[in-house]
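Peer 1: These are the residues of each chain, in order.
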Amino acid sequence: METISTDVAIIGAGGAGLRAAIALAETDPTLRIALISKVYPMRSHTCAAEGGAAGVIKPDDSFDMHFDDTVGGGDWLSDQDCVEYFIHEAPKELLQLEHWGCPWNREADGSVAVRPFGGMKKKRTWFAADKSGFHILHTLFQTSLQFPSITRYDEYYALDLLVDDGRCQGVTAMEMRSGELRQFHAKAVIIAGGGAGRMFPFSTNGAIKTGDGMAMAYRAGAPLKDMEFVQYHPTGLPNTGSLLTEACRGEGGILVNKHGRRYLQDYGMGPETPVGQPQLKTMELGPRDRVSQAYWHELQKGNTVTTQWGECVLLDMRHLGEKKINERLPLVRELAEAYLGVDIVKDAVPIRPVVHYMMGGISTNTAAATPLPGLFAAGECACVSLNGANRLGSNSLVELLVFGRRAALSAIDHIQNLPTANTAALNARAEQTQQRISELFSRSDGTESMSGLRREMMDTMEKNVGIYRSEEGLQEGVSKIHELRQRYQRVILTDKSSVFNTDLFQALELGSMLDCAEAVTVGALARKESRGAHQRLDYVERDDKNFLCHTMVHHQGLDVPRVDYLDVVITKSPPGVRDYSGDHK
Amino acid sequence: MTPLKERLVQLEVLRYNPDTDTEAHFQRYEVVCQEEWVVLDALNKVKADIDPTLNFRWSCHMAVCGSCGMMINGEPKLSCHAFLRSYEGVIRVEPLAHFPIERDLVTAPDDFMEKLKRVKPYIIPKEKKPISEGEYKQTPAQLMKFRQYSMCINCMLCYAACPEYGLTPDFIGPAALTLAHRYNLDSRDGGRLARQEVVATHEGVWDCTFVGACSEVCPAHVDPASALQQMKITSSIDWIVEHLIPGGKS
Numbered sequence: 001m002e003t004i005s006t007d008v009a010i011i012g013a014g015g016a017g018l019r020a021a022i023a024l025a026e027t028d029p030t031l032r033i034a035l036i037s038k039v040y041p042m043r044s045h046t047c048a049a050e051g052g053a054a055g056v057i058k059p060d061d062s063f064d065m066h067f068d069d070t071v072g073g074g075d076w077l078s079d080q081d082c083v084e085y086f087i088h089e090a091p092k093e094l095l096q097l098e099h100w101g102c103p104w105n106r107e108a109d110g111s112v113a114v115r116p117f118g119g120m121k122k123k124r125t126w127f128a129a130d131k132s133g134f135h136i137l138h139t140l141f142q143t144s145l146q147f148p149s150i151t152r153y154d155e156y157y158a159l160d161l162l163v164d165d166g167r168c169q170g171v172t173a174m175e176m177r178s179g180e181l182r183q184f185h186a187k188a189v190i191i192a193g194g195g196a197g198r199m200f201p202f203s204t205n206g207a208i209k210t211g212d213g214m215a216m217a218y219r220a221g222a223p224l225k226d227m228e229f230v231q232y233h234p235t236g237l238p239n240t241g242s243l244l245t246e247a248c249r250g251e252g253g254i255l256v257n258k259h260g261r262r263y264l265q266d267y268g269m270g271p272e273t274p275v276g277q278p279q280l281k282t283m284e285l286g287p288r289d290r291v292s293q294a295y296w297h298e299l300q301k302g303n304t305v306t307t308q309w310g311e312c313v314l315l316d317m318r319h320l321g322e323k324k325i326n327e328r329l330p331l332v333r334e335l336a337e338a339y340l341g342v343d344i345v346k347d348a349v350p351i352r353p354v355v356h357y358m359m360g361g362i363s364t365n366t367a368a369a370t371p372l373p374g375l376f377a378a379g380e381c382a383c384v385s386l387n388g389a390n391r392l393g394s395n396s397l398v399e400l401l402v403f404g405r406r407a408a409l410s411a412i413d414h415i416q417n418l419p420t421a422n423t424a425a426l427n428a429r430a431e432q433t434q435q436r437i438s439e440l441f442s443r444s445d446g447t448e449s450m451s452g453l454r455r456e457m458m459d460t461m462e463k464n465v466g467i468y469r470s471e472e473g474l475q476e477g478v479s480k481i482h483e484l485r486q487r488y489q490r491v492i493l494t495d496k497s498s499v500f501n502t503d504l505f506q507a508l509e510l511g512s513m514l515d516c517a518e519a520v521t522v523g524a525l526a527r528k529e530s531r532g533a534h535q536r537l538d539y540v541e542r543d544d545k546n547f548l549c550h551t552m553v554h555h556q557g558l559d560v561p562r563v564d565y566l567d568v569v570i571t572k573s574p575p576g577v578r579d580y581s582g583d584h585k
Numbered sequence: 001m002t003p004l005k006e007r008l009v010q011l012e013v014l015r016y017n018p019d020t021d022t023e024a025h026f027q028r029y030e031v032v033c034q035e036e037w038v039v040l041d042a043l044n045k046v047k048a049d050i051d052p053t054l055n056f057r058w059s060c061h062m063a064v065c066g067s068c069g070m071m072i073n074g075e076p077k078l079s080c081h082a083f084l085r086s087y088e089g090v091i092r093v094e095p096l097a098h099f100p101i102e103r104d105l106v107t108a109p110d111d112f113m114e115k116l117k118r119v120k121p122y123i124i125p126k127e128k129k130p131i132s133e134g135e136y137k138q139t140p141a142q143l144m145k146f147r148q149y150s151m152c153i154n155c156m157l158c159y160a161a162c163p164e165y166g167l168t169p170d171f172i173g174p175a176a177l178t179l180a181h182r183y184n185l186d187s188r189d190g191g192r193l194a195r196q197e198v199v200a201t202h203e204g205v206w207d208c209t210f211v212g213a214c215s216e217v218c219p220a221h222v223d224p225a226s227a228l229q230q231m232k233i234t235s236s237i238d239w240i241v242e243h244l245i246p247g248g249k250s
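So the protein sequences, as listed, match chains A and B. The numbering used here numbers the first residue of the first sequence as 1 and each following residue consecutively. The numbering used here numbers the first residue of the second sequence as 1 and each following residue consecutively.
What the hints contain is simulated information worked out from the structure, not anything from laboratory work. Hints may be right or wrong, so weigh each one.
[Said to hold, decoys possible] The list that follows gives simulated cross-link-like pairs (lysine-lysine, DSS-like), each with its CA atoms no further than 25 Å apart:
no.: 1; chain 1: A; residue 1: LYS92; chain 2: B; residue 2: LYS137
no.: 2; chain 1: A; residue 1: LYS58; chain 2: A; residue 2: LYS122
no.: 3; chain 1: A; residue 1: LYS480; chain 2: A; residue 2: LYS545
no.: 4; chain 1: B; residue 1: LYS137; chain 2: A; residue 2: LYS122
no.: 5; chain 1: B; residue 1: LYS47; chain 2: A; residue 2: LYS323
no.: 6; chain 1: A; residue 1: LYS92; chain 2: B; residue 2: LYS232
no.: 7; chain 1: B; residue 1: LYS128; chain 2: A; residue 2: LYS324
no.: 8; chain 1: A; residue 1: LYS572; chain 2: A; residue 2: LYS92
no.: 9; chain 1: A; residue 1: LYS92; chain 2: B; residue 2: LYS126
no.: 10; chain 1: B; residue 1: LYS126; chain 2: A; residue 2: LYS496
[Claimed, not checked] With beta-carbon atoms standing in for the labels, derived distance ranges:
no.: 11; chain 1: A; residue 1: GLU431; chain 2: B; residue 2: ARG85; range: 34 to 44 Å
no.: 12; chain 1: A; residue 1: GLN146; chain 2: B; residue 2: GLU216; range: 31 to 41 Å
no.: 13; chain 1: B; residue 1: GLN229; chain 2: A; residue 2: TYR468; range: 51 to 61 Å
Just so it is clear, CB atoms sit at the ideal spot from N, CA and C, and this is done for glycine as well.
Construct the entire structure; sequences and hints are all you get.
Peer 2: In C-alpha cells, the structure reads:
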C-alpha cells in the first residue's frame, strides 16, 4: 500500500474542510496539507445551503442578542463558552469571505445586507440571494486554489483512522478511480465530513451525506455527542424533499393549513402578525423545531391538505410579488416550478417537514478538538455544542468557517514537538483496512442485499425516530437498528470491479449510516425528556434536573454502544423559558 | 387528489468497465417510474432494484452540486433536472462528451479542474486591507455586473456542448474563462492583467468561435458565450492601447 506522508490530513472538502485547509496554508506555508474527499470539492453539500449566515454586523444588533437567541434556540443544551467564542468570531469570518469575493447581497450604500431568520431577534443573516451555501463553497474552493501547499485528493473515499500510541496519526483511503488503497501518515487529522441525514428516507440531504466521518471517528474511539437531536426543516418539497429556505418566511411567506388558518398561532408562536410584515422571532419566524412540531399536531388534528404527495401544509408567498421573489428567492421559484409544477408567484406551495441537519456529531470542545489526541473535527460532522438541542437557521454556515479555522489552529498547536511516529505500527493498522475491504470483496456467505438493508434502516428511522418519539417506538428502533448492524456483516457486493465501484461505496456508506443510526436511537431512548428537536410523547417536559447534559455514545464493536453524559457548560444564561410569542406578553 | 401516474421507462445506457471491456456498449433497462420523476430517479431505481453494477455520480438532486451531468438523447443535461415527461420512447443515456470515461457514466474531469486553476479564479485585491477595517463597499449595481457569472456550478455541460473544445482540447473553455471574467468584473479585484496571460491567448478567448452552445445548455443561466464576447472586446482594447496609442502601455 502506498504511503503518503503529510503534516495535516483533512477528510472532507466542503465548507469546513476548505476553511481549515486555507487557515493551515496561510498560518504556516511550510505545512504539507492533504485534503481528502470522496467528491470534488464543489460537489460537497455546503452548496445546497440556501438562506444565509448569521453574524453581528449592524449597529442595532449586539453579541449578547446573538448569544441569547442561540442559547434559547438550542433549548439550553448549547455550551455557553462555545457560543460566546462563536458569536465573536462570526462577523470576522463573514468579512473574511467578503474579502475573498463572496457575492453577498448589498444595501444601496454598498455595505453588506442582512435578512431576518427564524429564532433570531435581529436581522443578522448575511445572504447571497438564496444560494448562500453555494457561493460560500465556491468562494472557499476557488480561494484555496492559490495555495500550493494544499494537495487535493479528490474522489478518495476515507476508510479508517490510524491510531497508535493513543494519538490519531493518519487515515486510510481508497482512490475511487483505481480502487487502490493508500495510507496517509499525518501528525494531525481534521474530520470535516458532513452530516448523516441520508439515514432517513425523506431528507434535504444529498446522496453523499452518509456520516462517514462521524462513523470513522466513533469506531476509532471518539464518542458521538447528542446524536438524538435531528433537525426537521419545516418546509421541504413533499416529493423530492428539496429544501425551500427559511428565507421564504424571512421575506414574509406564511404557513397555512387546509382551512387557510395560520396555525402557528395555536402553538405558542402567536398572536398572528400582519401578512407581509414578518416580525422577528414569532409566528413564521419561530425556531425550526417548534414550527416542524406544529405541523405534526396539525396532521393529528386533520388540518393538513391531502395532496398526491401525501399530507402537506401550504407555504404562501404570493403576496411578496414577482419582483421580490425573483430578486430574493430565485432558486425557490425554480425548484417549486421544476419539481412540483407550482409557480410560487401564482400559487401557494404544498410543503412538509423534512430531515435536514444533525445537531449531534463527533464530540469536540471549543478548540474543535475531540477527546482523541491528534483528531479534530468541524462542521456538521462535529458536535461542538453550539447548536444545542435545536440549531437556528443560518448559524451552521458560520459554524463551518469559525470551527474549520479553529480546527486548523488547534492542529498546528498539536503537531509541535510530537514524538516520532511508529511507522510499523501505522502500517499494521492500515493492513487491517486492507483486510476489511478484501473480506468484503471475497465474502462468499453474503446473504443481505445492500439496497434492502438500506431501505429497512430508513423505514425504521422514519417510523420510530421522527419528530415525536415514544418509549415503545424507540425500543423497536434500537433493536431493529442493532439487528441491521448484525445483518450488515453479511452484506453482499454484486460488483467486484476495482474501478469506480459505487456498489462498494454505497455498502461502505451504509455501514457508516448504521453506526450513526444506532447512536441516534440509543441516545433518544435514554433521554427521557422533551428538549428542542427531541420530543417524547411520554416525557413531554424538559427535565433540567436529570437531562441538562450531553449524551455521549461510545462504540462497542458489534455490541450495543455505551452511553454516558457530560455536563452542559452554563456561564451566564440559566435555563429559562423559550418565548416566541412576539411582543405579546 | 389524483394519484401519481406511473410509466414504464426504457433506458439505453452506455456501459464501460476498463477492468473487463475492450470497448463501450449500450445496455437496455426497463423500469417503472413515476411520470414526474427525472432521469436520475430512473437510474437510481435501476441501480437499487435491477443492476447494482451501474455507475454514475449524483448528490444534491436539486441542480446545484453539478455532479450528475450526462448526455441524454445526445444533449448535455443534469440528470436530476432532465424530466421524464420531456422524453418519449427509449431514452439514451451516455457519459458527458469530450471527457474520458472512467467507468459507465462517470467521466474524468481532470482537464477541467486544471484549467479552472489556471485562470486564477480568486480575488487578487486591488488594495489590501485588514479584516478589522470591515467590508469592501460594493453597490448592488457593482454586484450585478458580475453576479450572473458567479453562478457557475462547474457541471461541465458547456464543455460537452462546445464544438471548439471537442476539436481543440487546449481551449480553456467556457466555464473557466467565464470565471476569470467574473473576477475581472468584481469591483474588489485588481487581477485582470495577471489573468490575461492565460485568458487573452489562442487557448483563451480567441479560440472561441461563438457558436453559443455553452449558453444554451447551461443549467444555471450563466451565459458563458456573452462573457467570452465581452472578454474579446476588452482584450482587443488592451491590444489597441498597447500597440497603437502613442504613450500607451509599453
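Peer 1: Taking the hints in turn, state whether each one holds.
Peer 2: Here is how each hint holds up against the structure:
1. LYS92(A) x LYS137(B): Distance of about 16 Å is within 25 Å: holds.
2. LYS58(A) x LYS122(A): holds, 9 Å
3. LYS480(A) x LYS545(A): violated, 31 Å
4. LYS137(B) x LYS122(A): Status holds; Cα separation ~22 Å.
5. LYS47(B) x LYS323(A): violated, 42 Å
6. LYS92(A) x LYS232(B): violated, 38 Å
7. LYS128(B) x LYS324(A): Since the Cα atoms of LYS128(B) and LYS324(A) sit roughly 34 Å apart, the hinted pair is violated (cutoff 25 Å).
8. LYS572(A) x LYS92(A): holds, 24 Å
9. LYS92(A) x LYS126(B): At roughly 20 Å apart (the allowed maximum being 25 Å), LYS126(B) and LYS92(A) satisfy the hint.
10. LYS126(B) x LYS496(A): violated, 54 Å
11. GLU431(A) x ARG85(B): 34 to 44 Å: violated, 52 Å
12. GLN146(A) x GLU216(B): 31 to 41 Å: holds, 32 Å
13. GLN229(B) x TYR468(A): 51 to 61 Å: Distance hint for GLN229(B), TYR468(A) holds at roughly 57 Å.
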